[in-house]
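Asks: In case you want the letters, here they are:
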Amino acid sequence: MAVPILKQGDYLIATIQSAMTDSEAEQLRDDLMERIGRYRSRGIIVDITALDVMDSFAARSLRNIAHMTLLRGADTVVVGMQPEVAFAMVQLGLTFEDVHTALDLEEGLAFLDARTGR
Amino acid sequence: MPLGRIRIVISTDADIVVARRSGRELADQIGCSHTDATLVATAISEVARNIVTHAGRGEIIISPVDEGTGEHTAVEVVARDEGPGIPDVERAMEDGYSTGRGLGLGLPGARRLMDTFEITSEVGVGTTVVMRKRRST
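Chains as they are written, first to last, in the working numbering: chain A, 1 to 118; chain B, 1 to 137.
None of these hints come from the bench; they were simulated from the model.
All of these numbers come straight from a predicted model, not from anything done at the bench.
For each residue, glycine too, the CB sits at the ideal point set by N, CA and C.
Any given hint might turn out to be false.
Covered by chain B, per the in silico footprint, the following chain A stretches (three or more residues, Cβ under 8 Å) [what the hints assert, rightly or not]:
hint	segment
1	21–28
2	50–60
3	66–73
Between the sequences and the hints, there should be enough to build the whole structure, so can you do that?
Replies: Okay, structure coming up:
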């Protein structure tokens, strides 16, 4: 099932479900890249509250999404990571490096508002 | 309900999701914490992806283990394929070494997530990973 993407003003909000397959992650990347152009979006929130496993492929996919969307002029912030998912990521040796993160949707929106000067 | 072993044939990315969900469920059933169940699911995801990426096809067997206490206190995951095998297992266990499209964290990362981790591989024959996570008491 494709990841649903909601348009809210200048922002796109993608809500990842618990069991995201590799091909769904790639589909999300392509969908976001296309919609940035279509809606002239300035910011993207990827909500991973429901995601129960962040493995190396998913982490790399999110990182790629953040980098690619930035090249199209939109800031991406990843929100809602569960504590145990964060723990597993660190144990696995994964980092998000320069990917912006926020606690939840509300903080993510506040972050984007600050970035886009609103 | 008696707990049994679960065998999942791995050939697509959707199978990876099925395998890690099964691992999480079994970890939950033997009384692992939510965090440990997440670690098991994440480790399964890594070894299952290795099967899909490098061998194309294989299997994952997840079993509850009684390590001599009369009850199930650990989850054992066996990931097996008859793929090309790994020429240099030692190197494959180093962080950042990758021949696929991953980050090179799959095998060493899975080892860090689990309590025990053993890998045997023979070129032209295949690769088997056996790893366990114990319930914390």
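Asks: Look at each hint and say if it fits the structure.
Replies: Comparing the hints with the structure gives:
no.	hint	verdict
1	21–28	holds (count 3)
2	50–60	holds (count 8)
3	66–73	violated (count 0)
The structure does not agree with numbered hint 3 stated previously, though it agrees with all others.
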